[in-house]
Amino acid sequence: MSWEPKIVGFLCNWCSYRGADLAGTARMKCSPNVRTIRVMCSGRVEPTFILKAFQLGADGVLVLGCHPGDCHYTEGNYKTLRRMSLLKKMLAQLGVEEERVRLDWVSASEGDHFVSIVNDMTEKVRALGPFRQNSEEEKHG
Amino acid sequence: MEPKIGVYVCHCGSNIAGTVDVEQVAEYARSLPAVEIARDYKFMCSDPGQDLIKNDIREFGINRVVVASCSPQMHEPTFRHVLQESGLNPYFFEMANIREHCSWVTEDREKATEKAKALVSAAVRRVYYHQALEANEVPINPNTLIVGGGIAGIQAALEIADSEHKVYLVERDPSIGGHMIQLDKTFPTLDCSACILTPKMSLVGAHPYIELMTYSEVEEVSGFIGNFKVKIRKKARYVDEDKCNGCGVCQEKCPWTADSEFDVGLAKRKAIYTPFAQAVPNIPVIDKEHCAYFLKGKCRACEKFCERDAINFEQVDQFVEIEVGNIILTTGYKLFDPTPLTQYGYGRLDNVLTSLEFERLVNAVGPTNGKISLKDGTEPKSVAIIHCVGSRDANYHEYCSRVCCMYSMKFAHLVSEHIPEATVYEFYIDIRSAGKGFEEFYNRVLKEGTTFFRGRPGEVTNVAETPEEKGKLVVQFEDTLVGRQRRIPVDMVILSCGLEPQQDAEEVARLFSVSRSADGFFLEKHPKLDPVATMTDGVFVAGCCQSPKDIPDTVAQASAAAARVLALISKGKVEIEAATAVIDEEKCSGCRICNLLCPYSAISFVEDKKVSRVNEALCKGCGTCVAACPSSAITQKHFTAEQIMAELEGILV
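Same order as they appear, the protein sequences are chains P and Y. Mind the numbering: the first sequence is residues 1 to 141 in the working numbering, read in order. Mind the numbering: the second sequence is residues 142 to 794 in the working numbering, read in order.
To spell it out: a stretch of chain Y is covered by chain P in this simulated footprint if at least three of its residues, at any positions, have a beta carbon under 8 Å from a beta carbon of chain P; those stretches are:
(1) 240-247
(2) 654-664
(3) 780-790
Hints are computed from structural coordinates only; laboratory data are not their basis. Even for Gly, the Cβ is constructed at its ideal location relative to N, Cα and C.
Make a model of the complete structure from these sequences and hints.
Okay, structure coming up:
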């Protein structure tokens with residue numbers, strides 16, 4: 001089988017996980033590359049989880065939360081937003097392409113939005129190629 | 142105890158097995174660390190499926206369980222219960238969602254199977270690190286808050302209060318009654334709306350278990366199921382509720398008027414007013430915006446004539462704090478404003494009315510005492526009713542508002558009843574008359590001689606092209622059954638406007654932490670099986686705030702919400718998630734970063750020890766503090782870093 005991007009998706013329990021469920025219930029077809037991990041709030045996502053994901057062979061990491069203002073925990077997603085922008089700066093310094101990490105918002109009623117994010121992310125990561133290969137090239141550089 | 146994991150891969154008939162090679166997934170699971178047994182079965186949620194797990198726990202000493210099936214939103218409670226029945230802690234369970242997130246969204250069998258394996262591997266590695274947890278049990282405060290005093294709120298309030306449990310009914314207008322009290326007749330039985338509603342309103346007003354707060358709005362909500370704290374603003378009425386006996390003299394004497402909201406601007410009301418004669422409570426309010434005393438500092442006519450000294454210009458808004466166990470939102474809808482559809486001329490052409498305006502016009506106690514009249518006072522000889530205004534329209538609302546076909550036909554009947562010689566035309570896209578007695582009513586209106594044209598009008602104009610059209614409103618449309626353009630001159634046009642979310646639905650949703658669906662209405666927990674609950678435990682929805690619906694459906698949903706609340710009250714307690722945060726005081730450096738992060742102020746700083754501490758009763762388990770702690774001193778139970786890291790490792794095999 002040819003190479004397929006492996007993307008880890010951290011989904012909050014209240015909005016985005018349910019949005020993903022809705023995509024399934026409505027039988028919307030989407031690329032199977034995003035594998036989901038449920039957290040109660042996107043605010044639970046530690047930056048180390050994302051680094052660890054890359055270390056373990058992920059080609060991309062997707063973090064999805066409730067839309068700004070709609071967080072089940074009032075403002076957890078704002079904390080995520082702040083944390084992610086810092087992390088993105090750091091990842092850029094480490095040479096990780098910007099498109100490999102994405103923070104976005106999906107509500108419980110947005111199955112179609114979830115699908116479009118997953119498909120878009122998959123294609124962007126596919127275009128970048130495998131993450132490991134990059135580091136290996138660098139290693140043997 | 143060394144973990145012994147049992148993995149159960151569900152076929153879900155062909156829902157999963159049709160796309161995922163379940164046997165291969167089970168086979169693969171057997172190769173994973175600490176997996177003792179892996180099976181695949183047709184329906185894991187069925188009794189035999191559950192028995193499989195129970196037997197394995199008994200016979201093989203399985204002490205951790207992974208079920209790969211549907212979303213945990215569906216069956217996590219089912220399987221946790223299975224563990225509990227088998228004497229295991231229910232938290233030694235993990236679900237791999239290989240249906241919604243896998244078989245239903247993937248067509249390629251090979252890729253779906255690959256993904257299912259990864260999800261199972263993640264669940265297995267995660268469950269290895271699960272710890273036994275005890276769900277926290279909290280008592281349910283037996284008081285209930287209901288927000289919105291339309292028919293939904295009235296119904297729910299009465300159901301709960303009749304069981305002798307206290308209800309706070311908050312309504313922002315001066316009286317309860319909602320939209321229903323504005324309506325004339327109700328389809329399809331043609332009961333008079335006020336006649337069937339006012340008895341209920343009176344009951345609410347007099348009920349010993351209902352504390353009615355009209356002219357009031359909810360300002361703040363905190364807490365959680367069983368234990369909400371709510372702050373309510375009681376807007377100043379400038380009338381002392383305890384002194385006023387509702388005699389109405391003040392309204393007679395008040396020299397100032399404003400457009401009546403109740404009569405949607407078709408009539409005037411005084412600056413001190415009750416919205417309508419049967420208002421509950423029958424206590425007026427002073428509209429500051431139109432009161433001469435507030436505007437110019439002079440008048441006070443109402444005060445002079447009030448025999449009970451009930452007028453109080455010094456009154457200020459009051460804040461009341463209440464504690465309730467459950468909340469029902471019954472905030473209703475807003476009628477679509479047809480002004481943007483300029484082609485129909487609403488607001489520009491005389492005798493183009495909205496449906497609510499017509500309701501008031503035809504109402505026996507309305508501004509014309511029930512006489513259907515044109516602006517010049519004469520009776521219309523022909524009336525056009527245009528369906529789907531703002532509904533089923535990509536530019537406004539995609540959804541069908543459900544009630545407009547029926548109320549449009551009710552209008553046709555009422556016109557024929559009031560003016561037998563009048564001709565009525567209905568312009569429809571489709572007739573939607575699904576409901577008890579609805580189709581029969583449609584047939585009745587057909588028999589009464591109403592003409593139905595299938596076609597959405599393109600324009601309503603007063604520009605005449607023929608002598609017959611002179612002085613008339615002309616409806617230009619394509620008669621799609623005949624396949625040609627036609628022009629129909631009429632005297633009056635009624636726009637059957639759709640129902641949309643209240644203007645402040647977004648803020649209200651935030652206030653009560655409920656989600657909204659794409660159309661803006663409040664989102665129910667499950668569209669089929671949990672249509673009255675929301676994602677926030679203890680907050681329920683009923684009526685048109687959830688989606689457009691008619692009165693019978695609203696009443697049914699309100700009763701259902703009341704039943705749900707009563708079930709919780711009768712149990713008296715509820716289990717809440719054990720996934721709270723805990724701080725390891727040994728590791729805590731006392732930096733206090735977490736203190737400020739917590740939206741629930743659940744983390745406090747212990748001065749003498751110089752460490753932070755989580756109040757588990759307040760913690761809702763979001764985990765934001767956990768991710769932020771620079772010393773990794775905070776753990777979220779059931780979402781520990783160890784568990785998530787293990788899950789990551791598994792998902793990326």
